[in-house]
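Student: Here the protein sequences line up with chains A and B, keeping their order. Counting from 1, position 36 in the first sequence corresponds to residue 36 in the working numbering; the numbering is continuous, with no gaps. Counting from 1, position 77 in the second sequence corresponds to residue 77 in the working numbering; the numbering is continuous, with no gaps.
Treat each hint with caution, since some may be false.
Simulated pairs of lysine-lysine, DSS-like, Cα-Cα distance not exceeding 27 Å [what the hints assert, rightly or not]:
(1) Lys55/A / Lys20/A
(2) Lys14/A / Lys1/B
(3) Lys68/B / Lys20/A
(4) Lys1/B / Lys64/A
(5) Lys41/A / Lys14/A
(6) Lys14/A / Lys64/A
(7) Lys64/A / Lys41/A
(8) Lys14/A / Lys66/A
(9) Lys41/A / Lys66/A
(10) Lys20/A / Lys41/A
(11) Lys68/B / Lys1/B
(12) Lys55/A / Lys68/B
(13) Lys42/B / Lys66/A
(14) Lys64/A / Lys68/B
(15) Lys66/A / Lys20/A
(16) Lys41/A / Lys55/A
(17) Lys42/B / Lys64/A
(18) Lys41/A / Lys1/B
(19) Lys20/A / Lys64/A
Calculated from the structure, these hints are not laboratory results. The model shown is predicted, which means the values in this text are computed figures rather than measured ones.
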Amino acid sequence: GAVVSQHPSRVICKSGTSVKIECRSLDFQATTMFWYRQFPKQSLMLMATSNEGSKATYEQGVEKDKFLINHASLTLSTLTVTSAHPEDSSFYICSAYGTSFAGELFFGEGSRLTVL
Amino acid sequence: KQEVTQIPAALSVPEGENLVLNCSFTDSAIYNLQWFRQDPGKGLTSLLLIQSSQREQTSGRLNASLDKSSGRSTLYIAASQPGDSATYLCAIRTDSWGKLQFGAGTQVVVTP
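Next comes chain A alone, as it looks inside the complex:
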């Protein structure tokens, strides 16, 4: 299967700062990427869908000004958590979809954000 890489895997920041998480498709071109959030012992909650070269589509209830998503190339999408607060602490996972994989989605390793 294809490989999706996320960086950093863990990040700790102070309240009020901004944090950027990168999601890269290493061996395929990802026309669409998805960003999920996962709370402890719960399943994944879709935050937004990003298509290369266009604005992200956010799910209901997700603040687009707090969670900035950029998909500037076919191999890179970034999620920036702006003015982070402790309640933003969570596990963030990206996934990528490439047209050559018959609809199969591949996930990154996840990024654990802790806001102090």
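Chain A is fixed; fit chain B onto it per the hints.
Tutor: Relative to chain A, chain B alone:
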């Protein structure tokens, strides 16, 4: 709205037993169904992808079936091993560009 349910929420079996994990969904108009594995603190690993037109997929000890008419998919893991301990998630895709709708997962523990 598509709803995905996984039962049981947790399962513990001795090594060597076969595992049967269930996934049900409310809307049969699906594009595909994907089974994932998630280890604690890690991302998701894709196990099997079943297209809407398929009835089952197999990979090694894993076999997944799909019955759209009854809104069910079953993941079978033969001869379980302690390394199979993880949370297993099923997810439904409703169209070629659509997002995945996840079940809550089944947490599996295989005891030596």
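Student: Hint by hint, note whether the structure agrees.
Tutor: We went through each hint and held it up to the structure:
no. : hint              : result
1   : Lys55/A / Lys20/A : holds, 17 Å
2   : Lys14/A / Lys1/B  : violated, 38 Å
3   : Lys68/B / Lys20/A : violated, 40 Å
4   : Lys1/B / Lys64/A  : holds, 23 Å
5   : Lys41/A / Lys14/A : holds, 25 Å
6   : Lys14/A / Lys64/A : holds, 21 Å
7   : Lys64/A / Lys41/A : holds, 25 Å
8   : Lys14/A / Lys66/A : holds, 15 Å
9   : Lys41/A / Lys66/A : holds, 24 Å
10  : Lys20/A / Lys41/A : holds, 24 Å
11  : Lys68/B / Lys1/B  : holds, 16 Å
12  : Lys55/A / Lys68/B : violated, 34 Å
13  : Lys42/B / Lys66/A : holds, 24 Å
14  : Lys64/A / Lys68/B : violated, 36 Å
15  : Lys66/A / Lys20/A : holds, 12 Å
16  : Lys41/A / Lys55/A : violated, 31 Å
17  : Lys42/B / Lys64/A : holds, 25 Å
18  : Lys41/A / Lys1/B  : holds, 23 Å
19  : Lys20/A / Lys64/A : holds, 14 Å
Checked against the numbered hints listed earlier, the structure breaks hints 2, 3, 12, 14, 16; every other hint is satisfied.
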